[in-house]
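Protein sequence lines, in the order shown, are assigned to chains A and B.
Quick note on the numbering used here: the first sequence kicks off at 1 and runs consecutively.
Quick note on the numbering used here: the second sequence kicks off at 1 and runs consecutively.
Quick caveat, the hints were computed from the structure, so don't treat them as lab data.
Here the structure is a predicted model, which means the values were calculated and not measured.
Note that beta-carbon positions come from the ideal geometry of N, C-alpha and C, so glycine has one too.
One or more hints might be untrue.
Just some of the chain A residues that point at chain B, by a computed CB distance under 10 Å [to be verified]:
{"#": "1", "residue": "Lys84"}
{"#": "2", "residue": "Gln130"}
{"#": "3", "residue": "Ser153"}
{"#": "4", "residue": "Phe156"}
{"#": "5", "residue": "Arg159"}
{"#": "6", "residue": "Gln164"}
{"#": "7", "residue": "Gln165"}
{"#": "8", "residue": "Asn238"}
{"#": "9", "residue": "His379"}
{"#": "10", "residue": "Gly386"}
{"#": "11", "residue": "Ala516"}
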Amino acid sequence: MQLDHRIPSGPLTEKWDRFRFETKLINPANKRKFEIIVVGAGLAGASASATLGELGYNVKTFCIQDSPRRGHSIAAQGGINAAKNYQNDGDSVWRLFYDTIKGGDFRAREANVYRLAQISNQIIDQCVAQGVPFAREYGGLLANRSFGGAQVSRTFYARGQTGQQLLLGAYSAMMRQVKAGKVTLHPRSEMMDLVVINGQARGIVTRNLITGAIESYAADAVVLATGGYGNAYYLSTNAMASNVTATWRAYKRGAAFANPCFVQIHPTCIPVHGTYQSKLTLMSESLRNDARVWVPARPGDKRPPAEIPEPERDYYLEKKYPSFGNLVPRDVASRNAKEQCDQGKGVGDTGLAVYLDFSEAINRLGEAAIRRKYGNLFHMYEKITGQDPVKEPMTIYPAVHYTMGGLWVDYHLMSTVPGLFVLGEANFSDHGANRLGASALMQGLADGYFVLPATISSHFAESALLPINTSHPAFTEAMDTTKGRIQRLLSINGTRTPDEFHRELGLLLWDHCGMARNEAGLTLALGRLPKLKKRFWQDLKVTGNGADLNQTLERAGRVADFIEFAEVMILDALSRQESCGCHFREESQTGEHEAKRMDDTYSHVSAWEYQGEAQTPKLHKEPLVFENIQLSQRSYK
Amino acid sequence: MTVIHLTLKIWRQTGPESKGSFKTYESGPLATAMSFLEMLDVLNERLILSGEEPVAFDHDCREGICGMCGAVINGKAHGPEKKTTLCQLHMRHFRDGDTLVIEPFRSRAFKLVKDLIVDRSAFDAIIAEGGYISVNTGGAPDANAIPVPAFTAEQALDAAECIGCGACVAACPNGSAMLFVGAKISHLSLLPQGQPERSKRALALVKKMDALGFGNCGNEQYCEKACPKGISISNIARLNREFMKAAFCSVEE
Ligand SMILES: Cc1cc2nc3c(=O)[nH]c(=O)nc-3n(C[C@H](O)[C@H](O)[C@H](O)COP(=O)(O)OP(=O)(O)OC[C@H]3O[C@@H](n4cnc5c(N)ncnc54)[C@H](O)[C@@H]3O)c2cc1C
Ligand code: SF4
Ligand code: FES
Chain A
1 MQLDHRIPSG
11 PLTEKWDRFR
21 FETKLINPAN
31 KRKFEIIVVG
41 AGLAGASASA
51 TLGELGYNVK
61 TFCIQDSPRR
71 GHSIAAQGGI
81 NAAKNYQNDG
91 DSVWRLFYDT
101 IKGGDFRARE
111 ANVYRLAQIS
121 NQIIDQCVAQ
131 GVPFAREYGG
141 LLANRSFGGA
151 QVSRTFYARG
161 QTGQQLLLGA
171 YSAMMRQVKA
181 GKVTLHPRSE
191 MMDLVVINGQ
201 ARGIVTRNLI
211 TGAIESYAAD
221 AVVLATGGYG
231 NAYYLSTNAM
241 ASNVTATWRA
251 YKRGAAFANP
261 CFVQIHPTCI
271 PVHGTYQSKL
281 TLMSESLRND
291 ARVWVPARPG
301 DKRPPAEIPE
311 PERDYYLEKK
321 YPSFGNLVPR
331 DVASRNAKEQ
341 CDQGKGVGDT
351 GLAVYLDFSE
361 AINRLGEAAI
371 RRKYGNLFHM
381 YEKITGQDPV
391 KEPMTIYPAV
401 HYTMGGLWVD
411 YHLMSTVPGL
421 FVLGEANFSD
431 HGANRLGASA
441 LMQGLADGYF
451 VLPATISSHF
461 AESALLPINT
471 SHPAFTEAMD
481 TTKGRIQRLL
491 SINGTRTPDE
501 FHRELGLLLW
511 DHCGMARNEA
521 GLTLALGRLP
531 KLKKRFWQDL
541 KVTGNGADLN
551 QTLERAGRVA
561 DFIEFAEVMI
571 LDALSRQESC
581 GCHFREESQT
591 GEHEAKRMDD
601 TYSHVSAWEY
611 QGEAQTPKLH
621 KEPLVFENIQ
631 LSQRSYK
Chain B
1 MTVIHLTLKI
11 WRQTGPESKG
21 SFKTYESGPL
31 ATAMSFLEML
41 DVLNERLILS
51 GEEPVAFDHD
61 CREGICGMCG
71 AVINGKAHGP
81 EKKTTLCQLH
91 MRHFRDGDTL
101 VIEPFRSRAF
111 KLVKDLIVDR
121 SAFDAIIAEG
131 GYISVNTGGA
141 PDANAIPVPA
151 FTAEQALDAA
161 ECIGCGACVA
171 ACPNGSAMLF
181 VGAKISHLSL
191 LPQGQPERSK
201 RALALVKKMD
211 ALGFGNCGNE
221 QYCEKACPKG
231 ISISNIARLN
241 REFMKAAFCS
251 VEE
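One chain only, chain A, in its complex shape (with noise of 0.2 Å):
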């Protein structure tokens, strides 16, 4: 397997230039010939196949819910960075581009880093023109806020729901294409497998989630945008449909996985509160604005927070980095509130959690403004806890939230199978070993809007596309694994569910491979998976039958990728023997407790090829080359 990213020559600010110029295009009469199938309507698919569909191809878009409306991505909430610099506070395209580098601590490629800053203005506008209804400033401007690993304001959003309103911004965009006939919609629809004919991902097979029926479609490439895989870890901040089956098939096909143990752990969720618990709510980051995180200063202080006087508090990112102070990155929030909680200081029934609490910020800018910038947070906080944080501070406590790791993708967003390309969260591309607050809807859309459409094209011009169709015995092939897979699935009739499964494998991840890993923890998780895959696939129980609509027969089928596909996540963490990100191997920290890179040994992407089943996939190394900022070790203090 070659790695070859394909960045374009040059200085880096003109490398997408250069391509654009450099690049072969297609005559618009020519692209109606082509057909393209977009796996994924969160944001990085739907805008992805509407501008498709606007410069003239045939679109197939599948997405599992309902309404392609429903992506998971409606549920972000905080905003979405631009380098727009409205508030003239020293922001630029370099800053964005270098505050994003620097906060995946060094692990991602600088000219598709750069790119991204460069795009992320054009992302602003089109969504304006859309009719996305951002926060505006009484003069009727954009209103920004900031977020985490930042120190100017570049977050554009729209209260707390911003991921809806860009949301139904494509997806209003990819109806108009459905209205014009040049995109087909699939919703209930799941992808079961990719399929490769003469090296190219030339189709997929689906199950109709409705009739149960297997399906297969061919097409002239395949666009991945199927989200993350945080749901590996049972509960996280992910919709409950997020899965990781997608990318797992296209990977037993061919397509490397990149970086698949950086998975984001964000600091402020809600607690967890019992074991039927079936997910986790993100708080947004954008709270750490007007918030302050606090534990007791003493070990097992069990008072109420208001009778906790302000001298035996401790305001602990406040007192360790001054000059971000609660508005540290992700990862370093996440990594100190597990810490204070190690020592005793956590507070709640759990122990498992610190307070966010904004009666500062209330003395400082009254309740009515603080009710107006969150108040569907508070909202969604006193629904679910029964609470109201105007009285008494949140809670809150980290969670698996955003995966760093995907797909392998060169510069145009292609795999290692020619003709496959993935977009947001499913790719590795831009994120490094931990992603920035705000920073996934810029790629999602930037992906979708503006890198593939440019992108797909060379693909179309330079490729020789044989004339295929499902009767290819390739199809037939694909088709009758799945069938087979779903028999099997069917017929174990054994006493566990599908969730019970899952509920053990999560824990097993959370417990090792969560926030802090270390080499005896790893290697205990990766020996106890053969067990549990064996035992899954002995013992578990799905009622019903395939030719029907069966939602225990497709949480049995993402478990079971689940299943197969942490082996791979742990090998990459066992592999990777420094601390970067949100990869925190105690083996290699600071004096201080900071994660500590080792940037000789391990400036690398990682990308894991399937070798077969039982058999240990094969790491390849792609090298990553700084020519333009200077490595440091980070330092938020």
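Given the coordinates of chain A, work out where chain B with the ligands should sit on it, guided by the hints.
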């Protein structure tokens, strides 16, 4: 941890053509901190192990934003709490010993799929008719080129918050989609960017809504009460104004 027990009467129907009926289940002990959907999860785990097919229900974000969940609880769409989706409804709002009757969102325009799942694709079909601003990617002017008063942006967002859940339709005795359509029309017609297609959009959306079998608005306001996002009925008034103006004054076909 406070614990309650409930009696659940749940609508079971294997498919659109089959005959459905209520089936009664005892909930077993439930923590009051549980969400409604977690309560269904617990029931379903038990059903699976006993070999009975679990209750099919739609859900995804479980945060009240994707609009996927929804059922009628004791006659109320999304249950008894105001401005709350089913996934954000918690068991602390019920009393030990309560009986809950749980049914799907029923309406002529929403065909039943299975148990509590209905087909709401009619909403997508309405949006496809013009629930957008026709701009291609690229070439948009600078985002600050057209100032929008903060108040107007807020008002547009109030309407744009609709999550497309369909509770308004289920709650309406006539199965009207006026609140959903009114929200979309308001969102776009309030903004300067939405002006060029304002008339065309109002006409097209209303036409499609009627064609899909949604009923007329009888001004009974059940929709507003059921709406988990607090979409105001004033959006229906605005839709009526927009439609009238377009129908009488617009030169466009
Ligand atoms: C609670 C929360 C808040 C967040 N807040 C922010 C924020 O404020 N700012 C920010 O920048 N980022 C935020 N993020 C991250 C960001 O929302 C996501 O990374 C981003 O939206 C992912 O978009 P996507 O298009 O790549 O994938 P998704 O939105 O996850 O979409 C995936 C799509 O793929 C489909 N799909 C998946 N698997 C299959 C399959 N097997 N077959 C067919 N279809 C499939 C799904 O149906 C869906 O349509 C947040 C994330 C969460 C969880
Ligand atoms: S108007 Fe309210 S009830 Fe109707 S679809 Fe929108 S959010 Fe749901
Ligand atoms: S599950 Fe998304 S709104 Fe309830």
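Looking at the structure, which of the earlier hints fail to hold? The structure breaks hints 3 and 11; every other hint is satisfied.
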